[in-house]
Amino acid sequence: MSLVSVQGLSVTFASDKGPVAAVRNVSFDLNPGEILGIVGESGSGKSVTCRALLGLLPRRATVGGRILYDGRDLAGAAAIQAVRGREISMIFQNPASHLDPLMTIGDHVAEPLRFHFGLSAAEARAEALKLLESVRIRDAAARMDAWPHQLSGGMKQRVLIASALACKPRLLLADEPTTALDVTVQAGILQLLRDLNRESGLTMALVSHDLGVIAEICDRVIVMRGGEVIEAGLVRDVVTNPQHEYTRLLIGAQPGRLPQMAEPQEAPAGLFELKDVAVHFPTRSGGMVRAVDGVNLSIHKGECFGIVGESGSGKSTVARTIVRLITPTGGRVMFEGKSVGDLAGADLTAYRRAVQMVFQSPFDSLNPRMTAQQTIAEPIWRHGLASKSAAMARALQLMDMVELPRSFATRRPRALSGGQCQRVGIARALALSPRLLIADEVTSALDVTVQAQILRLLTRLRKERDLTVIYISHDLTVVRKFCDRVAVFQGGRLVETGATADLFASPSTGYTRDLIAAAPDMDQAMAERA
Amino acid sequence: MNSITFIGRRLLQIVPVLIGISLVSFFLIMMIPGDPVRIVLGPRATEAAVAAMRQEWGLDRPIWAQYLSYVGNTLTGDLGQSLKFRVPVLDLVLQYLPRTMFLVAYVLVLSLPATILMAVIAARNEGRWPDQLIRVISILGMTIPVFWLGVLFARYFGVKLGWFPVSGYGEGFVDHLHHLFLPAVSTSLWLAPLLTRNLRAALIEQTEADYVAASRAKGLPEGYIFRRHILRNSVLPTLNLLGVMIAFLIGGSVVVEIVYAVPGLGALMVGSVLGRDYFVIQGLTLVYAIATVAITLAIDIFTAAIDPRTSE
Amino acid sequence: MTDVVSPAPVHPAAPRFRHGTIEAALGAALLLAWLIAAFGAGVFAPYDPNALDLVAMLTPPDAAHWFGTDHLGRDVLSRVIYGARIDIWMGFAGVIAPLAVGVTVGLIAGYFGGLTDTILMRIVDITVAFPFFILVIAIVGVLGPGLVNYIIALALVAWVAYARLVRAEVLVVKRLEYVQAARALGFSDPVIILRHVLPNVLGSITIYAWTDAVMVILAGASLGFLGLGAQPPTAEWGVMIADGQPYVLQAWWICLFPGIAMVTLSLGFILVSDGLSRRLRVSA
Amino acid sequence: MALRFAHLLTAAAMALVCAGPAMADKIRIGSPYPTTTLDPIRSANAGSIETFGQLYSRLLRVDETGALAPGLAEKWDVSADGTVVTLTLRDAKFSNGDPITADDVVFSLLRVRDTPDSAYPAPMQMLDKAEAVDAHTVKLTLKSAFAPFLGNLEVFNIGIVSKKDVEARGDKAFVENVVTSGPYMVEKWVPNDRLLIAPNPNYWREGYPKNDGAELIEVADSNTRVSMMLSGELDAAREIPWSQVAEVQANENIEMPLEPSTVIYIVLMNQTRAPFDKLEGRQAAAMALDTAAMSNAVTFGAATPANSTLPNALKFYDPTLKVNGFDPAAAKAALEASGYDGREITILITDEPEREKQAVLMQALWGQIGIKSKIEKTDAGTFWTRLTEGDYDATPTWWYNETTDPDLAVRWSVCGTCGNKSYYTNYENAEVDRLVEAGAAERDETKRAQIYADIQRITTTEVADIPLYYPPFANAYSKKLTGLRMTPALQWTLEGAEITK
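Residue numbers (this note's numbering), protein chains in the order written: chain G, 100 to 629; chain F, 13 to 324; chain P, 235 to 518; chain B, 42 to 542.
These aren't lab readings, by the way, just hints derived from the structure by calculation.
Errors might be hidden in some of the hints.
A partial selection of chain P residues facing chain G, derived with a Cβ cut-off under 10 Å [as the list claims (entries may be wrong)]:
1) Gln414
2) Ala415
3) Gly420
Which bits of chain G does chain F cover? Going by a derived footprint, with three or more residues having C-beta under 8 Å, they are [said to hold, decoys possible]:
4) 211 to 222
5) 435 to 441
6) 551 to 557
Which chain F residues face chain P? A few, computed with CB under 10 Å, are given here [stated by the list, open to error]:
7) Leu24
8) Leu40
9) Ile41
10) Trp160
11) Gly263
12) Leu286
Using N, Cα and C, we set each Cβ at its ideal position, and we do this for glycine too.
Same shape as in the complex, but just chain G (with noise of 0.2 Å):
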């Protein structure tokens, strides 16, 4: 018998504009001691669902259908009440912003205990204790008394789960639990996971938008698109086999499966020289922080250049300080032969036509208040290049360039989804017809299929005007598809850099093995699997 049956369940949203289904009609089982997975898409409506089951929707939903736990219908806030923490457990994406910054971390853990068992306060902080241990924090005793915000990021992830499980429920929901963690962590999140699962037969749903995580630990997976499951399975067939044309194109992009973009060139000629460059910001104690320290580094004209790092890695930071958008306290970069730095005047105008930069995050990159036209219109008049109007003109080109339907040019950002801000925030770097093009995890916020269309409009444009891209990310496999040269950061230092196909090949350090290793893929899980 399966440990929860969801039957028909829909959720409904109040909006003014009257009731928006996020989810219909979804059914699935999920049977003791296995590990579900939950895959799509933004609006999918993968999360909703795993909410759902446990009666964490905000008031103005309506939810239909039934959810059976254990042959009980969780039907009323009573019923579900009475399973919650103790049947039923969940964690969520951000760590961060589900822990009560004004409780410490041994407070979380003992906090379900002493409620759902009536542990006195010494017994909870005990079992908290074995709890904290269990779920692999370091030195758990003395971090007892910390405070979330002391924590790193995969830390909060692991006590949020110690306190899920404080209370030994039988099934887990989490939901996406490592998408906002660095890959390395990631692995480790899931290694855990995984171990859970098998030591104490936890079962779990793991909602990811990542196949690749999937992949990794779930026995069982449901595809969802538009608020529906289109396809469900075990994980082998379905991602060798899959029967629908989303599945299809949903694992058609995971970037292990993109065509590879990179192309080496023959006779590389210089174009940027960092120089010893060095960012050190003084922080409020009085101390230093070595955001960028004593980077070395040449990119050749016309190449695409990759960084990879994880967070904290300093790999934006050298972005911005090429763009001076930051000045280094340290060393200088070189432009052509002259160092940026100096810049002033018509040299520095010339410079800032010549670099341009895209963004992370698609909506912040974006102003709220101006429309697609007049964002990407807006550099082009400012910089004297054309009036006003011309400009206007120029806007819908570069639209069309970078494949957005004039039909958008009056949308502003809150209107347009996060590829097709991505393609504004393009458009409007390249209205100065730049030479080099600075793409910061530029696709990292976006769903995978629309990161191919990214990545594929990116590696055109390279080739047809003839640009110079630096990419920056956290995703190595999307680098070894479309780089020509990675550079790898830690800390603030270049570990290694060299040809990628070279780096993957043999990488002559072990972060960047460790790296290369944690990488979640879709096809290298399945192989190690088999």
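Fit chains F, P and B to the known structure of chain G by using the hints.
Relative to the frame of chain G, chains F, P and B by itself:
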């Protein structure tokens, strides 16, 4: 950062502020038309008498010289004498400080529980009738002028029912409570709504916070989640507003002080401004500045005690 | 099936339910009603608001004087209607003046940071350390009583709240990538501040401003009580209440009607503020 | 939790309700006017004036009938030519037990006249020499014969202070442990709030004061004063607003006798500015004002419309004078004759409600004959500075006279050569100035009456100022109180007051 350097830095910050305040207040007050000597001596004094007193008090010297000697005296701890009353400024201030402090404390004792109660009821019933009712009461409380309410209160509770004195400060603690009840209530009637609106908004915002969902997922009861998580996290912004309001009350309770004839620092300040009693104004401004900084500091320390993030 | 041709999806954070619309509409309706009353005062008011009638002083409300007459025999209804002109003007001007100063300071301090920020924020500290009323009284003392001077005093005192608010917002917005993008595109600082930063910090300022309008009107009334408000015989609600205060027991109508007017106008401002903030909160 | 809290509140409230005040049986008097100093020469402000009388005895005093009676001086004698006054002091002591000697008297009188910043030296201007003949005899020599001099010895700032103490302690002598010669001494002074006075055990008048002292409380807001009076928190209150007189009178525990005062309300006009620089302009302004209606509107009928530039409680006041009465048509004609160019004038006022009411009425009435005006309200500080500097067009204001003799009154209000430019109006008439001196020197009562009648006729006709009305004191007294009244000279008869509680 440890608390001693924290406080030390704050005290260091106050120095330029104090200099600025003394400059602004000195020159601002000097710019107000109206001759303090004429006010003190009355309309019947002769020009010669006015000139004599100006000279006696050094008011005929260049304004910079006056400012410098003021600063010099202040640094040696001498706040000077009142032009009007011819008593030391410090004595005047110290005479009224306890009353004002008592009134402010009283107002807080009345307002804070009411604020928390109303905000919690409103937030937990967001959009439903208790919320709407509290909102209407809040708006009424915020918009009814204190001086009008004061008269009505005095006539009804003081004269008609005879429950409370309509004036004065009284002798002894219980008598203070008795005398200041109406002034404190009148003030609370606009303070509590202001804080309530703020706290209610914070509570509602925190209700939607992610950690609340996480707590629910753990099966914790709603009431507990509200008390232990939501309330605590909501208090911080209101605490800051409270600090601002306390600082405001110390000098801003003028109207209540006049309506209920309990002169405190506010009434003294208004009287001094109207009487151009330069040295009293200077002294009071200094006291206010220090009070403001002290309150901000207290709120910061309190915040740091609640919120571990701020102390690092 | 590509991203490009699919209909624009609902932005995950876009408002799914227009919260606060009703409040904002109700508040706007109240304000509109008062605006109409103010502009049409000549049409709606039955009498000259300043016409004295020494025979009919302190007449209770009746058919001839719906709201009664005041201590000088002036028609309270007419004065309430004409008073709307002054109070609405006061509410708006009293907010816009400090808002303009505060926003400018906040933008400059927040955007440029460093020494500029430190100096400006010290000035804010100094202003804050002054008791609000005292500073207003002193400034009104220097300039002389009257509404325009009250507004000037507010501009010199109340700007700090806006400056702090704007600065905090600017510190957030200036880290957002579209501001970084504007810098990378080589736009000048004034362009970035005015075109990219300012429009995006105005939202929360607006909400505060609507509530602030209530404070401005109330503080104005208190100044009227202290004798520093509008010059007689101007029909201004706060001054009317202060004037009527000696007669509050035998002629309640002198205070009550301007009081109700003040409450309803404030209600309008607060409802608009609440409505806007709920909408902003949901869509943020 | 909510419920528990509500209980707590109720309990606290009940506790508060039951806690009653318990004070010594002091007579509590509320006044809007602050006592700003305890030094009699330092202030001529209303509140301080009320206080000085209680702390410092003068050589003479005014009895219940208004006649001069012995004070610290048992006997006095005026020489035949009226230039030498010899006074014999009684055996009296200061509050600290020191005897009051002729030296103290000489010191106190000269202090009023000679201290550079003496607030009101006018009463002693005619004093030429003051000598202590012996410990009990004082000889005062005048510059010339001066009829009102004896009356001036009773003015509020001529109180006798201790020479020894003042010379020893200077300003401090009037702040702490004040040595007094009057019925009371200072128990506690809280500036800006209240003054507590206690009986002076060494007071010279046997059996006085008849009470345990008083609490002189400053209550700026008139409503608050009324509330305090009604709730029994005051035994007497100054200046009940006219609009509330009826309500207070209706209270069975309170009486409001509306005592006569020497207060007069007038409109001052700056006679260097158009249209008031012309006689016709002033007459127009005067005839435009319906003083009966104004008096009625402001005081609800309690005051008498004024017909003369002098208060009606003064000696030699002329009730028959009738010039420049309300006549809008004549006013219009006069205004035209003055050549007024239609310039908008400013009515300067202080921020008291009554002043505002007067100004609004003036504005309306003047508007009817074509004088355009705006009202400018300032605080008292600015007001007095601007008035004394002559920086104003017109203002409604009031004054009062310390004695019932008109000498000081005419010097204050219509004399161009007496130092204040006829109350800062710049009115000047040589004939009037001559009459002022003549009236002071003349010792024949009938002749004096004629002189002052002439002064009134000339100044009222020429509109030195526009007299509005003569208000009584709107003081309220608890019926538990007997013997407390306010004399026309702003002095409480506190020492004879008794209270039953």
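Does the closest beta carbon of chain G sit nearer than 10 Å to the beta carbon of P:Gln414?
For P:Gln414, the interface hint holds, since the closest Cβ of chain G sits about 6 Å away, which is under 10 Å.
Coverage criterion applied to the region 211 to 222 of chain G (partner chain F; beta-carbon cut 8 Å; 3 residues):
Contact hint for the region 211 to 222 of chain G vs chain F: holds, 3 residues under 8 Å.
Just to be careful: measuring from the Cβ of F:Ile41 to every Cβ in chain P, is the smallest value less than 10 Å?
holds (6 Å)
Chain P contact restraint for F:Leu24 - C-beta distance below 10 Å:
violated (12 Å)
Cut-off 8 Å, C-beta pairs, minimum 3 residues; does the coverage of the region 551 to 557 of chain G by chain F stand?
violated (count 0)
Go through the hint on F:Leu40 and say holds or violated, using the shortest Cβ distance to chain P against 10 Å.
holds (5 Å)
Going by Cβ atoms only, is F:Leu286 closer than 10 Å to chain P?
holds (8 Å)
Answer holds if the nearest beta-carbon of chain G is closer than 10 Å to that of P:Ala415; otherwise answer violated.
holds (6 Å)
Next item in the hint list is P:Gly420. Is there a CB on chain G closer than 10 Å to its CB?
holds (3 Å)
Would you settle whether the hint for F:Trp160 is holds or violated, based on the nearest Cβ-Cβ distance to chain P being less than 10 Å?
holds (6 Å)
Chain P contact restraint on F:Gly263 - CB to CB distance below 10 Å
Holds - the Cβ of F:Gly263 comes within 10 Å of chain P, reaching about 2 Å at its closest.
Chain F covers the region 435 to 441 of chain G, three or more CB atoms within 8 Å, holds or violated
This one is violated; 0 residues, fewer than the three required, reach chain F with a Cβ under 8 Å.
This entry does not satisfy hints 5, 6 and 7, going by the numbered hints stated previously.
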